[in-house]
Amino acid sequence: MSVKDYTRFLPEDFAQDPYFRRWVLGELPPTDTFWITWQVRHPEQDEIIEQARILVWALQVEDPAADSEEVRQGIDQILDDTQSRSVLPFYRRPAGFQKAFRGPAIRWAASVLMVLGLGYGAYTTLERTTAPTRPAEARTTPMTDPATGANGLTERVRLSDGSKVTLTPGSRLRVSPDFGKTERTVYLTGEAFFEVTRNPAKPFLVYTGNVVTKVLGTSFRVRAYEGDSHVSVAVRTGRVMVAKAKPGRPASSDAMVLLPNQQALYSKADEHLIKTLVENPVMLITTTETNPFEFREAPLPQVLSTLEQIYGVKMIYDAKVVAECNLTAQMGNEPLFEKLNLICEMIQARYEVVDGQVVLYSNGCK
Amino acid sequence: MISNRLQPLILPPVEPESEPADHPSQEQVLWQAFRLGDRKAFAALLDQYYALLLRYGLRLCPDRDLVKDCLHDLFVDLWNQRERLDAVRSIRAYLLISFRRKLLKETRKHRRFESTEAMGDEYAFDVQFAVETGLIQEEMQQENQLKLRHLLEQLTKRQREALYLRFYQELDYDDIARMMSIQYHSAVNLVYESLRLLRKNWFLTLLLVFFARH
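Listed in order, the protein sequences are those of chains R and B. Quick note on the working numbering: the first sequence kicks off at 1 and runs consecutively. Quick note on the working numbering: the second sequence kicks off at 1 and runs consecutively.
Hints should not be assumed to be uniformly reliable.
To be verified - With a straight-line cut-off of 30 Å between C-alpha atoms, the simulated DSS-like cross-links for lysine-lysine are: (1) Lys109/B / Lys202/R; (2) Lys40/B / Lys314/R; (3) Lys4/R / Lys200/B; (4) Lys202/R / Lys40/B; (5) Lys157/B / Lys105/B; (6) Lys314/R / Lys275/R.
Unchecked claim - For each label pair, taking beta carbons as the anchor points, the in silico distance ranges come out as: (7) Glu271/R / Asp86/B: 47 to 57 Å; (8) Leu146/B / Thr33/R: 47 to 57 Å; (9) Ala329/R / Asp65/B: 25 to 35 Å; (10) Ala44/B / Asn363/R: 31 to 41 Å; (11) Thr286/R / Asp86/B: 43 to 53 Å; (12) Val188/B / Met283/R: 52 to 62 Å; (13) Asp270/R / His150/B: 33 to 43 Å; (14) Asp32/R / Arg196/B: 26 to 36 Å.
To be verified - Pulled from the structure, derived: some chain R residues nowhere near chain B, Cβ distances all over 12 Å: (15) Arg21; (16) Arg72; (17) Thr82; (18) Lys202; (19) Lys268; (20) Val278; (21) Asn280; (22) Pro292; (23) Glu294; (24) Ala298; (25) Asn326; (26) Met331; (27) Pro335.
Hints are computed from structural coordinates only; laboratory data are not their basis. All C-beta atoms in this analysis are idealised placements derived from N, C-alpha and C, irrespective of residue type, glycine included.
All chains, full assembly: derive it from the sequences and hints.
Here is the structure:
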């Protein structure tokens, strides 16, 4: 097992020995009984071992878990930027508004459903800053217009960058006079479906009251009604970044990236932006051959990983605890949350949606 | 306890040091593939080390954006210069050393412009050990914790960093020395003296409370 002469070790040496550390921290497989055996054979070393154990325990480093979304963004950005040769390092790039949105590699076309509750003073600001200087590119449909409201017709608008916007009755879209200079900024009240032409150099920004949504190239749907208590942005495919729109510039710390089936909720009352899941997550992958939701004595991690892949929703659970949970079930097209309820019932567990992910609490199966 | 299994990067490597490596190390295979321009190997490197380096960088420099920018540039540079890179013994150590160098260079540059955020001559290395953060509150008596915390306060920044590199990053002394630009024996001393200080001053009066484990 080991060629080291542990009998000559001082606590300082033990504390630095990776194998010893792993034992103390409970990271060795239970079948590895080396240290227990060693202790029995060397009772005279007990005190040294104990001191070493305390050192290991006391000097553990508690690393804050990095935000997995942030990490993914960073990685994607690097992968994106190494596709071509000429990449300017960030710190040599001009700082400014874009800083708030640094690094999201939104690479795929996406469709997003945004439900927005507007209806407060910000609107007047929008009017002022966004005089419709380009009516040809984006006509506005006043909310009070009885014609559009009554006939229920949608209106299609083409922006100068080629992006298409489908406005539903009673909606307003205003295009920034600076549209396309460094960013593509529009302001929306009401409901619209956006199909944004991809252009990573000029982010497409949709301002909706307190929330700003940013995409590089995507399609998404926006709905806004006055008087709602919150704003929500729901993603179906692709990735979208959402942030609180502060006067001046948005702070990068507020920005969050939404993945498929995730939804951002902004509460106007406490001004918090949280990440959750949409009411009924859709399957992102459809398989035609076999039913992926048919399980026969399948280990729970396998079941959850299937759900994870098909719905694109992260499942968090303690793999050790559920190791012995096996599941036989035949599921189909029922909503994800129904599936989860079923699973939880079978193994006596419960789940919560936290930060756009599903966290499963189980006491294990024996 | 819920463990986030979606972040396997946080888990330490599984191979105990004592096991002889009689097969070519996976690390070296990966590095070699990366140098030959294998995008998958590059992606694997990012997967394995990005989060780790980010967390390390944040200990050196509180400016999150700057840390991320440096990390971005580090990997972009690595990719662009992959053909000129040498074989490495430990990817982790190599990346930590390169990243540290880059980050300190950038922070220095930035500090010139941002005089308000001057951090003093030495870089700030911020690491909190379990006994300081209350992580092991239940395993140890209050007074022992206080005593140990007091002792830890006497450690210098460099001692703390050395402990962190040795314990948490599991670097060997060669790499710690290179990383901190000091001699091999100085690296050894930094770690041993810290540990000895803790042990000698602390265990004399220590009442052990948690040895029912195992």
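> Which of the listed hints are broken here?
Replying inline: 8, 9, 15, 16, 17
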